[in-house]
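There are 4 protein chains.
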Amino acid sequence: MAVTPFDSPMIRDLLSDREVAALFSDGAEIRAMLLFEGALAKAQGAVGMIPQTAAAAIPRAARDVAIDGSALAAAVAAAGVAVPALIPAFRAGMNAPEHAAWVHWGATSQDAADTGLALRLKRCAAVLDARLGVILAALADAAEAHADLPMAARTRAQIATPTTFGARIASWGAPLLRARVRLARAAQGVALISLAGASGTLDAMGEGAEEVACLMAEELGLTAPDLPWHTGRDGLAEFAGALAILCGSLGKFGQDLILLGQSEVGELAAGEGGGSSAMPHKSNPVGPEVLLALARHASRLSGAVQEAMICGHERDGAAWTLEWLSLPQLCVTAAAACRHAGALAASLRPDPARMRGNMEATGGMMMAEAAMFALSAGMPRPEAQAMVKAACADALAQGLHLRAALEARAGADLKGVDWDAAFDPARHTGLAPVFARRFAAMARA
Amino acid sequence: MAVTPFDSPMIRDLLSDREVAALFSDGAEIRAMLLFEGALAKAQGAVGMIPQTAAAAIPRAARDVAIDGSALAAAVAAAGVAVPALIPAFRAGMNAPEHAAWVHWGATSQDAADTGLALRLKRCAAVLDARLGVILAALADAAEAHADLPMAARTRAQIATPTTFGARIASWGAPLLRARVRLARAAQGVALISLAGASGTLDAMGEGAEEVACLMAEELGLTAPDLPWHTGRDGLAEFAGALAILCGSLGKFGQDLILLGQSEVGELAAGEGGGSSAMPHKSNPVGPEVLLALARHASRLSGAVQEAMICGHERDGAAWTLEWLSLPQLCVTAAAACRHAGALAASLRPDPARMRGNMEATGGMMMAEAAMFALSAGMPRPEAQAMVKAACADALAQGLHLRAALEARAGADLKGVDWDAAFDPARHTGLAPVFARRFAAMARA
Amino acid sequence: MAVTPFDSPMIRDLLSDREVAALFSDGAEIRAMLLFEGALAKAQGAVGMIPQTAAAAIPRAARDVAIDGSALAAAVAAAGVAVPALIPAFRAGMNAPEHAAWVHWGATSQDAADTGLALRLKRCAAVLDARLGVILAALADAAEAHADLPMAARTRAQIATPTTFGARIASWGAPLLRARVRLARAAQGVALISLAGASGTLDAMGEGAEEVACLMAEELGLTAPDLPWHTGRDGLAEFAGALAILCGSLGKFGQDLILLGQSEVGELAAGEGGGSSAMPHKSNPVGPEVLLALARHASRLSGAVQEAMICGHERDGAAWTLEWLSLPQLCVTAAAACRHAGALAASLRPDPARMRGNMEATGGMMMAEAAMFALSAGMPRPEAQAMVKAACADALAQGLHLRAALEARAGADLKGVDWDAAFDPARHTGLAPVFARRFAAMARA
Amino acid sequence: MAVTPFDSPMIRDLLSDREVAALFSDGAEIRAMLLFEGALAKAQGAVGMIPQTAAAAIPRAARDVAIDGSALAAAVAAAGVAVPALIPAFRAGMNAPEHAAWVHWGATSQDAADTGLALRLKRCAAVLDARLGVILAALADAAEAHADLPMAARTRAQIATPTTFGARIASWGAPLLRARVRLARAAQGVALISLAGASGTLDAMGEGAEEVACLMAEELGLTAPDLPWHTGRDGLAEFAGALAILCGSLGKFGQDLILLGQSEVGELAAGEGGGSSAMPHKSNPVGPEVLLALARHASRLSGAVQEAMICGHERDGAAWTLEWLSLPQLCVTAAAACRHAGALAASLRPDPARMRGNMEATGGMMMAEAAMFALSAGMPRPEAQAMVKAACADALAQGLHLRAALEARAGADLKGVDWDAAFDPARHTGLAPVFARRFAAMARA
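Protein chains in written order, with the working numbering: chain D, 1 to 445; chain B, 446 to 890; chain F, 891 to 1335; chain Y, 1336 to 1780.
In case anyone wonders, no lab produced these hints; they're calculated from the structure. Do not rely on the hints blindly, as some may be mistaken.
[Claimed, not checked] Partial pick of chain Y residues on the chain F-facing surface, computed with a CB cut under 8 Å:
hint	residue
1	D1361
2	S1405
3	E1642
4	A1688
5	G1692
6	M1694
Idealized CB from N, CA, C, for every residue including glycine.
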């Protein structure tokens, strides 16, 4: 059964991600919470808060005891949280009541659940970082390879002036450089243990509580925060935002792939187009479409995580539950987006002939600005502008190439103008090649 | 594995709904699409568009052939849609190539997928309608039973003037009466077959296409729309909105249960409070919190469905995919909310003593308006208002009950005033009992 | 000063709407609330609840007294609501203390504010309905005029098979037919007076309260609800949803105009393209872009209105305030979208030559399905499908037109096939012309 | 006229912020864009790209020429962007055609608009940073002052165990420490000049373009980015997210103020409560409610800015326009929230008696955990837990204080237990005082 594509065996290879989804399985969640219990006991043993024997037995059991999430279902539904159902099951599974009594000593459910989440968010961030590395490497290679390949820039859905394909690739990659930094920073903000006890005061733990926290954090590869974060969920919201922004940047990549791959544009193919038996000429932009859909989904989900910041008192069950509904699927959304983007970035197939053809189809119009600058070498700029404008009107009215219209109108005045240069897109790509190579260098740094 | 609580065996009894979730399983989706193929073939046989034998065999196979969604995964990932993977599997599963060739004749993937969705949305709406009926019946009983039970109304988190518990219940129920109408209407708008072919023109089907559509619709218990809805997704957005609005109204119910069940208020219990072994006095409002969380999640998801209306040309893979990510989980969200609300509505346990006590704790202040009206029988209203204001100040300064302060200040002037009446909350509930009983009558109509 | 484009003198003609924006000016809000006070007094006079003289004076003053919103600013900021600042100002402005004392008798701030809102939402809905009428009339004319004009349908950003421009227009218009019905229904749900008093019980008004409500509703052209709606905000959420859905459908219209107007597609112009002096060939799709932006903005705002349903107790200042932040700008968003859509719908300028050219540029590929159906008249369908598939491969490999490739491959077998018909898009538009004319008829009904 | 509270003279002191709103007035926007033009000309003069005289005249005019935004309205509506309307007006206003011709040389509209935005976002961030400083200073003082003041912690709307008011204050302040860092970082990411020309290549500017960019950036106090950001809007989305997260944390502050200020809780007052003449006992939590409403509004707006990242090609008018609709009002939303939060933080008035009273009203139940730990000094923990559980049941059944029930049940066994200590909340606040003082120290660092 699968309400969402993230868990559907049929559709998950399209919209989910097996690696990151696995982090959010019941089994992984249970294991992560048991790791918290194990690390807690070990640390409490080290400071003499609980008996050494229990402190040795609990971490071992936390790795070994197998607990079936579905067996906890009724208790979870009653408590509204998994931990109160998990702890007794874990204690029972240990088969050592004398040690089991020391499980979860002084902690609260939210400590276990949030630390368990943190462990998995940290791993999720690492997976995403690695995938961003792959995407960036592929884009760097492509940006360099096509740094000088002229193509039409389009602004507001209209062909504007020339750029290069490499510069376009750089425009996709530059936000991903920042996304990587942003994600790493946001991951630090959530890679925290939670250990604050029933009301955020650690009262039940007495002396040594903060030392326990430090030892636990070290054991789990997390940080011990200066202050409890039971109700300070801004770090989660920042993490969610970083994922949504990453997805947004990949959505722009997808959007461009769709636009450049349209039948009438045909300048770029990437990935494996979904075919159609009835329409053999079609190559549906499956991957790019998925990027767009995931980006929009991510934005909504990150809004929910943001909203969960607004909580009441020392613990708010409603706000907390909202995180469970939204944050895990947001992680998988981002992972799926990175997976698709990696495949697309590694398979960019520009069509230089179509790029050239689309530029030529403007009848020289896209070079109007260049022509104006060329003219303004020999006449005041306002005059040059007026002449080009008039020539454009001529060209449109008479179906001429702009160059012909300009030559007709300008006549002998313009002997010195290098029309070949003015109308050659490759000579009017400005800093596009520089930007392409700069991005490549930055991505490789 | 379960990325969302909707599919997690561990947590689904808290946040998901087995009955509606089952409608969105891979198996249910596949069966619904095959029912489309069966109904299509049957209708095409009836108008002579395909051979009678195929027209008889295909519907039978559509009910019988078992297809494993996970076996389609790779093909679904390649095509970006399930249908192109499903059709060959179905044809193969029929074991009758001569009939199989007529499967899906003239239809397009979106026809099968959207009709399959419509079948399930219709059933979802029926489930929700039935549950709303249950909730409303319980609220009607409670509203009537407690129509006259006085309690403090709170405005802007402050005790205001008296109302009755029945009127509060009516305020929860009234939006659900409208939600039921809204949902039924929205369900009509999506209970449509889709049959428009590759480009929305049914060209491949030739003559008789619209007759086929009408026959199919009848067979499937759906409506044949006047015009294709491949890109006209407003009906889905309206349906999503109806679900989100329903969840919002249930969220308000949950919010109030939380507020009235706070330790310091203690006027109302409902459902089974989640206990805590370390804190035996606690009765956590699990169900009400879930209602709040689901309401906020629903709002975000309905936004995504709205956004999917913005699609390009005759089919937009990105917008369509966004629906798959959001709409099924929205349906389950609404179902889970109705399930919890039903249990809560059936178990409302007001505490009249606490209600009375909370009113008394205001020291008569909450009756200030009533006192002012009582006074204004014997003096101009502005004077009455001023006197009450002064008495309130006295009461606050001297720690008096407002009645005592008023008597001290007003003295002999006010002999005729019936202070017992003025300060009796039960005599100042206005139309609250009327509203409670009116709601009950409307809910039962 | 103008934080939003809705109020910016510089940009409001692009993104705002003067007519609907005027409904939400401070002056209009104040007047609407005073109309509530006037109608209340008149009705209370009619049932003998307040003196006749006051009942006559207050409505007159409500129309005449001028109150400057900015003079209320400090008091509004203190109270968090405008009404407590407005009532004293109105009373003072009346210059008749004996009547003024009866202003707002038994009502609460939310009654005045919500009724004032309802008056304006009703007018907003009427403006939108009229504009939808204009848009639909223009689209109906265009759909009929171009019912048979062949153009390529595009699915998933790829040219698919033929349709007609009229059918595309019908796809834009059909959701607007439903939007109009939806809006009218939603408007009924908010065109309500609010009269429930401090705590929703009308206690202060005593006997006759409901009669007052009925009279007031009649006076104001609104409906008196069966039950108070202080906290039942589902009607507002439905109204907001109807606006957002309307904007979404107009967003799809805008999206298509942008896509069809791209330089490389060039099949459709509409409105006045924003030019560029440096790039004279450009015709920026200003109006269509605005439609898209407004649609996305509307979706977010409607989410906020939905969320405001989740309120606590008998009045929740936070939830209510959220409505003020979002709902008025949503109304103006919808109005601006309708304004732009009307101008665009009235100026659709298709380019039949480009439409034909784009179809021809597929080298017959877009007719592959038609060719397959033509072939299947003389051979089993699977064979026909295989032959077309092979011919497509030939065509792509050898740069042939599909027709030539098919003739080469099929040879003498296919003498009977009418290739001219098979490859003529105009003969393969299926029901597109029917849909176009059907929409036109429905829009005119 | 004012569609939103941000621009309404009547309500802006409640929901807007004059200082930050002023940054987004038409006048401020125009001036900021002219500053771009001035800095561009100055830099171009410095590298010899335009005549020195023009390079001197243009910056001067950029500071002096007054342009009325409303006079540009028609041209802005036609172009869809303000700059093409502004440049001619500026040129005309210069009254020096020979210099005016060099205005905007080689730049594009988006360069001017985005740089103009960056200038104002940077100032907005500075305002917010200063206000955060004020809020944090007030919270630090309060946290220290009340570090040891015992109060009940509430989890899931139920009184849990003791904490201190100082710790609660620390929980409000800790996220603001992070918000300040986050905001500063996000501000760096948007404090960028934009200078990329028509298609993002700076082609029209020729050699020296990047030197111009560096000089301009220095002049304007902004950074010159490595790569153009015409379509790389992740920085804006991060900035928007930082604002929304800040608002979310302030929303939690507001939520808690509302909850703690409820009539039945009464532990905390802050700000000036909005009074009610009819209900003199009420002190409406105006400021806290506004914080909540602004937080929810901010979340939706930041979603829109996120979504605007998804843009097509080298410039996407629709996505860009969406930013104008959402980002400025988000800035003002955050500023208004900070303004209210500052006033509230500076006026926190806890009521220690009510705090004590609410704890006592639990009849010792909130100390059950402490009692259990006290007991477990003298018996195995499971036994202690069982005994406390039984005593709680006794207490509830017989209306006893938990201490009495325990003494009755435990009898002579428990001579050594220090019941006074066990049931004294002040001795069970754990690390709460430490956290309070730690926060204060961090806030002052």
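| query | Okay, which hints does this one fail, numbers in order? | reply | 4, 5, 6
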